[in-house]
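Novice: Top line first, the protein sequences correspond to chains A, B and C. Be aware that the first sequence starts at 1319, since it is given in my numbering, and climbs by one per residue. Be aware that the second sequence starts at 146, since it is given in my numbering, and climbs by one per residue. Be aware that the third sequence starts at 26, since it is given in my numbering, and climbs by one per residue.
FYI, nobody ran anything at the bench for these hints, they're computed from the structure. Just so you know, even glycine gets a beta-carbon here, dropped at the ideal spot from N, CA and C. Treat the hints with care, since some could be wrong.
As the list claims (entries may be wrong) - Using 27 Å as the maximum straight-line C-alpha spacing, the simulated DSS-like pairs for lysine-lysine come out as follows: (1) K157(B) / K1462(A); (2) K272(B) / K81(C); (3) K725(B) / K772(B); (4) K106(C) / K272(B).
To be verified - Taking CB as the label site, the calculated pair distances span: (5) R156(C) / T360(B): 55 to 65 Å; (6) A562(B) / M1471(A): 49 to 59 Å; (7) D281(B) / D67(C): 40 to 50 Å; (8) A379(B) / R156(C): 51 to 61 Å; (9) K235(B) / E31(C): 32 to 42 Å; (10) N306(B) / R40(C): 54 to 64 Å; (11) T797(B) / A49(C): 46 to 56 Å.
To be verified - Covered stretches of chain C, going by a simulated chain B footprint (3 or more residues, C-beta under 8 Å): (12) 61-68; (13) 83-91; (14) 134-140.
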Amino acid sequence: MDIKVTVNGTTHHLDVPDNTLLVDVLRERLGLTGTHVGCDTSQCGACVVHMDGTAVKSCTVLAGQADGAGVTTIEGIGRPDDLHPMQAAFRENHALQCGFCTPGMIMSAIDMVQKSEGRLDEAAVRDGLEGNLCRCTGYHNIVKAVLSAQDSM
Amino acid sequence: MATETGIGASVKRKEDARFITGAGRYTDDVGQHGQTYAVFARSPYARARLNGLDTSAALATDGVVAVFTGADLQASEVGDLPCGWMVKSKDGSDMVQPPHPPLAVSSVNYVGEPYAVVIGETLEAAKNGAEALDPDFEEQDAVVDLATAAEADQIHESVPNNQCYDWELGDKAATDAAFAQAHHVASIDIVNNRLIPNAIEPRAALGEYDEASGTYTLHTTSQNPHLERLVLAAFVNIAPEARLRVISPDVGGGFGSKIFVYAEETAVIWAAGQLRRPVKWRAERSESFLADAHGRDHVTHAELALAEDGRFLGLRVKNKANMGAYLSTFASSVPTYLYGTLMAGQYKTPAIYVEVQSLFTNTAPVDAYRGAGRPEATYVVERLVETAAREMGIDPAELRRRNFIQPADFPYETPVALTYDTGDYEASLDRALDHADYSGFQARREASEQGGKKRGIGFSCYIEACGLAPSQVAISLGAGVGLFEVGEVRVDVTGSVTVVTGSHSHGQSHETTFAQIISDKLGVPFENVTVLHGDTGRSDYALGTYGSRSLAVGGSAIIKATDKIIAKGKKIAAHMLEAKEDQVEFEDGSFNVADSNQSLTFGEVAFAAYVPANYPLEELEPGLSEKAFYDPPNFTYPAGAHICEVEVDPDTGVVTIEKFVAVDDFGHVINPMIVEGQVHGGLAQGIGQALLEHGVYDDTGQLLSGSYMDYTMPRADDLPSFTVDTTVTPCTHNPLGVKGCGEAGAIGSTAAVMNAVTDALGVKDVPMPATSETVWRALRNGGNG
Amino acid sequence: MEQSGEYRIAGPRMRVWEALNDPAVLVRCIDGCRSMTPVGDDRFEAVVAARVGPVKATFNAAIALCDVEPPERYRLEVQVKGGVAGFAKGTALVELEEVTTEETLLKYQITGGIGGKLAQIGSRLVESAARKLTASFFERFAVDFAA
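Sequences are here, hints too, so could you generate the full structure?
Specialist: Written as C-alpha cells, this is what we have:
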C-alpha cells in the first residue's frame, strides 16, 4: 500500500506491504534506529514515538494507520547541542545507563508531562511510566528526571 | 587532582549525548548491503528425540536462501559449545559435561532449544521457511523438578543421575564438631527462584565473511567480545583469531546474560561463511525468555550453630543447583566458587561446610545473572542469621554486630578459601540504621497495626568477592582462562588521549569513568579523552565485563599503562630540560624539574615524543603509547548493609516497600552519580527477585512465564525511591583502592526484603517471589505460601 | 488441562453415534475447521484455524479413533502440530448413554497439554479457549443434529 507519513518534519511517500509495522518503517525504511524494539507483546515501551502528538507504541501501529499522520521520533526532538528539556533532564539526573529503553522512556515522559493537568508528583510519574520497562536504573533517576523536566518544559 | 571532572566528581556521562538523541548504535542498528535474515526453529518440547527433519518445503519457500540443521553444522565440523570452568566432585572426579551442539542433532532437551536455522532474503521469508520445516519429534518425559532430578529419568546418555558434579568446600569434621557444641541451631529450607535476565535489548548478531581476505566479522551483543572470539576460534572452529573479529557495539544491558557464547551467534557467523553473505539475527523477546541463560534456581537446606551468647560456631549448607539442560559458558562456577566461598559473609564463623550438587533438567541452561552465586550465598547466610536472631530473641542488628569480623582482624582468612583484605562492617550497619531510623521502627509498626496493616523490617549484611580474578587462583580452581585485563593509553600527537580498554560497557559508563581517571592522572582535559572498547580489532586479548570487575581490574590496567606513560614522559622531559630523570616530577599535568622553575606541559612532552627532535632515539623509542596487563593479586570485597521496611496489607497480601536503605563500601568512588545508579539498578533486580520475578516451568517443561505478560518485570510503580549511601575502606591491593559496585544491589537486597516480609507476617519463610497471592496464602496458613 | 461435561441430545443413540463419526458433521461443528480428511481406518487429518489469545494460527491435527465400541464409546486421540506456534495434544473419551429411545446422553472427558509458543504466551488463555471450543462443538453438534 502507498502511505504518506511525515516523520520529524519530513514527508515521505512510501510503498509498504500491508502488514508493515510503523517501527519497521522508521527503522528499516527511514534509518531512524533510535526507536528500539525490546519485546513482541507491546509491553516494554522501547518503541514509543509520538503520532500526531500522542505517545504510541510503534510496534503495535501498522504503517497504514500512520498514513497521513505526523510522527516524531527521538531523533526529532533535539540535537546534542540543542536538547529537549526532557533529554537534558535525563542526562542531568543520570536517568539512563545502557540507553536502550531511553528513547521510548523520553518520548513517553514528554507525553506524560504535556498531558498532565497540573504538577505531577512522584506517584503520578511512577504510574505514568508503567508502560516502559528499564532494567538498568531501578527507575529512581528516571522519576527524578521527569519531575525536574516538567519545570523546564 | 580534585577537579570538576577528576576522580570523585559526579561528572555527567559522555555516553549520554548519543543515547538521549537516538544515535546509539546497537547490533540491530548495524546493517550490511545484501544481508540475509536468520530465524531459528526451536523445540516446542522439553525433551524429545529428533528422529528426522524434512527441510524440503522450507527450502522451497519463496525467499528462503538456505536451511541449516544440526547435522549440517556437525558435518562441517562446527564444535560444541564449551563450558569454561572445570569443577571437580568430592571424590576428585571431573564434572560431567554433556555434548552441547549449537543446533540440536538427534535430541532436544529444553523448550526453545534451536534445531535448525532458516536464512531468508527477508525476515518474513525466513519466518515462512521456519514454519514449513517438518521435524519428526518423539516426545519423552521431561525432567523438570530440581529437587528430584537426581532420581528422575537420565537426560543425557553420558550423565548418570543427571549429576554434573557433587562438590564440597570447607572442613566437614570441624563443622560437625561445632554443631555438637551448639547452644542453638537455626535451620532453613529455602528456594532461590529462577530468574530470567531480560536485558531490554534482545540478543542479536550480524555475521559477515570477506571472501578476499578470508576474514569473518561478527557484530554481537556480548559483554566480552574477546571471549566470544576465543570460543568461536578455538572450540567452534570458525577461523583462527587473526581472521575473526568480534565487535560488541553499544549493548543494551547484559546482567551476565551476554557473557556467554550462544548457539545463535555461532550459527550466524558460520552461516555467513557458508553463504558468503551477511546474516543477521535479532531475538524476539519470546526467544530471549526461552534461550537466554537463566539465573539462580537453587534448593537449599542450611543450618547455623550458635553459642549461648549468639556467637556463630558453625555453618552447614546443602544445596542443589539447577544447570538446565546443558552447561552454559560459566555455569559450573556459579554455585561453587562464586557461592560456597562467600558463606562466611561478614562474620567470624569458624567452621563452614558447603555441599553443592549440580543437576541437569529439561529447562533452559542456567548461568551467571547479576551477582552470580553471591546473591544466592547472601540469601542463605542472611536469612539464616535473621532466623537465628528471631529464634534466640536477640535483635538482628545486634546479633550481626556480635559476629562481625572487626577492622583489626584484616587481612582475614575465612574457612572457605578467601582472604578479605579490608572492611568495616559495623560502620556500614550503623550508617544504615541511622538512615532507616531503626529506633523509630516500633512506633511505625504500631501505627501500621492501628491501620490494619502489618509492618516488618529486614536486614542484609552482605559481602561479595568481585574484581574477578587472580588468574592463578582461578586457574587452579578450574578456570579455563586467565582473568586479567588489558588497558592501553595512546597519547595523541597533540596531547589528547585515546584509551582502549578490554572492559566492555553496556550501561556501566566506562567512557566517562575511565576518562575521569585519565584526566585526573595526566591532567588532560576530560573532553580530550576518548575511551574505546568492544572490538577485538582494537584491543589486545581481554576478558571483558562481569563480576563487578571493570574498574578494579580494567581500571587498574589503565592506571598501570598511565604510570608507564608518565615514566616515559619523565624521560623525554629530562632530555628536553637537560635534567636528570629522577629530578623530573609529574604533577597537575606538567613535568617539572625539582627545585627549579623549569617545566613542560603534558602536551609539549607528547608532541616531542612524536616529533623527536632532541632526545636520543637509540635509548628511547619515539611515541607515547603504553599498554599494560593487570592481573589482580586478590579478589576485592565490597560489602554493605541493606535495610528494608515493608508494609503488608493482610486483606490483599500486597507488599509495599516503605523504605529501602543501602549503605555500601565500594572502596574509593570515582563517580558517585554513576555508582548510585549502579546500586539503584541492582536493588531493583534484587527486589524484583524477592517480590515479582519467577521463571516458571510446568511439569512437562513448558515455560509458562515466557513473556512480559506473565514474567513480572519491576516497573516504576512497583519500586520506591531508594536511600543510598557509602562508607569507604579502600581496597588494599589495587592502585585506585576500588572494589566494584555493579552487583551489590542485587546481592544484598533480596534477603533484606524477604527478612522484612517474614518479619511483617511473623512467619519463618515465604517462598519467593512474595507476590500478593503468596503472601495472602501465607497469612492464612502460617507460611509456605 | 482437564475438562468434562455432558450434553443431552434429542435423538436415538445409534444416530448420534453415526453423526459423531461423520467427517462432514465434524467439519461443520468444529469452530474454525477447514477440512477433515479420512486417511485410513478411524484416522483423519483436519485443518483448523484457531486463535488463542495473541497466538493465531492454522493447525494441522491428526485425529485417531481408538477403543471404538459402537454405539457406546470411543476415545479420540488428537495431535496438533502448529509449526512455530507449538503443539497441542489431547484425548477425549466420548460415551453415549441411551436415556430413552429418542434421547441420548453424551458424556465427555478431555485431557490435554500444549507446548511451545502456545504454552509460553497463551498458557493463561488456553484453558478458557479450550472450554470455549469444546462448548461450541457440542452446541453446534446439537443444533446440527436437530437440523
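Novice: List, from low to high, the hint numbers that the structure doesn't satisfy.
Specialist: 7, 9, 12 and 13
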